[in-house]
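Colleague: Go ahead and model the full structure; you've got the sequences and the hints to work with.
The opening position of the sequence shown corresponds to residue 1 in full-length UniProt numbering, with each subsequent residue numbered one higher.
The hints are all genuine.
Listed next, the in silico DSS-like pairs over lysine-lysine satisfying Cα-Cα at most 30 angstroms (straight line):
1. K74 x K56
2. K74 x K96
3. K270 x K35
4. K213 x K228
5. K228 x K272
6. K22 x K96
7. K74 x K94
8. K56 x K182
9. K61 x K35
10. K22 x K35
11. K308 x K22
12. K56 x K213
13. K22 x K259
14. K308 x K228
15. K308 x K272
16. K61 x K94
17. K259 x K228
18. K272 x K307
19. K74 x K61
20. K307 x K327
21. K272 x K56
22. K270 x K307
23. K120 x K158
24. K270 x K56
25. K192 x K158
26. K61 x K158
27. K94 x K158
28. K272 x K329
29. K259 x K270
30. K192 x K22
Restraint ranges, calculated between C-beta atoms of paired labels, are given here:
31. L198 x I148: 39 to 45 angstroms
32. Y51 x V89: 15 to 21 angstroms
33. E77 x E330: 48 to 54 angstroms
34. W129 x D257: 29 to 35 angstroms
35. N292 x E149: 17 to 23 angstroms
Just so you know, the hints here were simulated from the structure itself, not pulled from any lab data.
All residues carry an ideal CB built from backbone N, CA and C; glycine is no exception.
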Amino acid sequence: MGESTIEEGGVWVISEPSDSDKFDVIYELNSIGRKLADRNNNTLTLVLIGYALQEKIEEIKRFSYDYILYAENKMFEYYDLENYANTLVEMIRKYKPGVVLLGSTLYGRTIAPWIASALKTGLTADCIWLDMNEGTLIQVRPAFGDNIEAEIICPRRKPQMATVRPHVFPLAECRDNDGTCKLVRYDVTNFKTDFLTLLDRIKVLENSQSLEKAQIIFAVGRGIKSKKNLDMVFELAVLYGAQVGATRALVDMGMIDRKYQIGQTGVTVKPKLYIAFGISGCIQHMSGVLCNEIWAVNNDENAQIFKKATLGCVADINVFLPLLLNKMKE
1 MGESTIEEGG VWVISEPSDS DKFDVIYELN SIGRKLADRN NNTLTLVLIG YALQEKIEEI
61 KRFSYDYILY AENKMFEYYD LENYANTLVE MIRKYKPGVV LLGSTLYGRT IAPWIASALK
121 TGLTADCIWL DMNEGTLIQV RPAFGDNIEA EIICPRRKPQ MATVRPHVFP LAECRDNDGT
181 CKLVRYDVTN FKTDFLTLLD RIKVLENSQS LEKAQIIFAV GRGIKSKKNL DMVFELAVLY
241 GAQVGATRAL VDMGMIDRKY QIGQTGVTVK PKLYIAFGIS GCIQHMSGVL CNEIWAVNND
301 ENAQIFKKAT LGCVADINVF LPLLLNKMKE
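Modeller: Structural data, given as structure tokens:
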């Protein structure tokens with residue numbers, strides 16, 4: 001594409017890598033990004049880095065972005081933190097956006113601090129609400145164990161940067177491609193190759209349905225007590241067509257992989273049904289559970305989880321799980 005001018009001071013959304021299973025977060029950011037840009041009479045730009053991007057670009061053009069700024073090169077076929085981050089820093093320095101948003105995903109949490117540090121600007125992580133007031137980004141995020149919501153501003157440095165917790169904003173609605181979205185290609189020639197030496201690349205096979213997109217989740221906590229009980233929960237999940245999640249406590253005990261962790265330091269989920277086995281219900285875990293239908297099983301009738309649950313059962317996990325599994329197999 002020929003050179004096109006992206007207005008200074010606009011709102012930017014930084015895309016996930018094009019092959020990421022979290023790519024849909026850009027459509028949630030489109031929803032809030034559009035409101036922020038309109039409120040401040042600015043443009044909204046989607047920034048995309050990768051290789052063989054045409055299909056992704058055509059998909060993104062159906063949403064309400066004014067510009068798609070993209071860097072396409074064979075060197076970007078696989079995610080490389082240094083080259084991705086340096087390219088984004090160069091783009092920001094050239095076009096001078098006022099606001100830069102990323103998803104609070106593994107990618108966003110990793111690359112956003114690098115960018116903010118290079119630009120000597122502020123960064124608010126894991127925001128749950130955003131607003132704009134006369135060019136100043138109002139950033140709201142949980143604090144003190146999610147017991148309060150803090151409003152944070154960064155009026156003296158630009159761009160104002162924030163990562164946004166997934167699932168707190170609705171997916172934007174797509175539209176007919178009316179040709180109003182302008183494409184701007186950014187050519188990169190200054191690649192660094194001495195940061196890391198790639199020895200091999202192994203594709204990790206995940207479950208067919210990601211935890212963050214699951215409609216039913218069976219979550220397990222410290223009260224699950226044994227590997228035998230954990231295996232029964234996995235078996236139940238298969239029978240129900242559910243995904244398994246876990247608390248940080250169980251991950252730290254080494255009983256389950258960190259990819260299953262839900263909560264403040266894990267993923268945020270928004271299922272239709274959340275069934276908690278042996279989970280106390282502390283705020284650090286429940287802050288990652290956006291669900292109106294929570295069922296809980298715990299042997300402590302005073303467990304905090306019952307204050308959140310729509311259905312509760314006080315029972316011994318060692319007795320309850322075998323009975324439920326046998327009933328499901330009948």
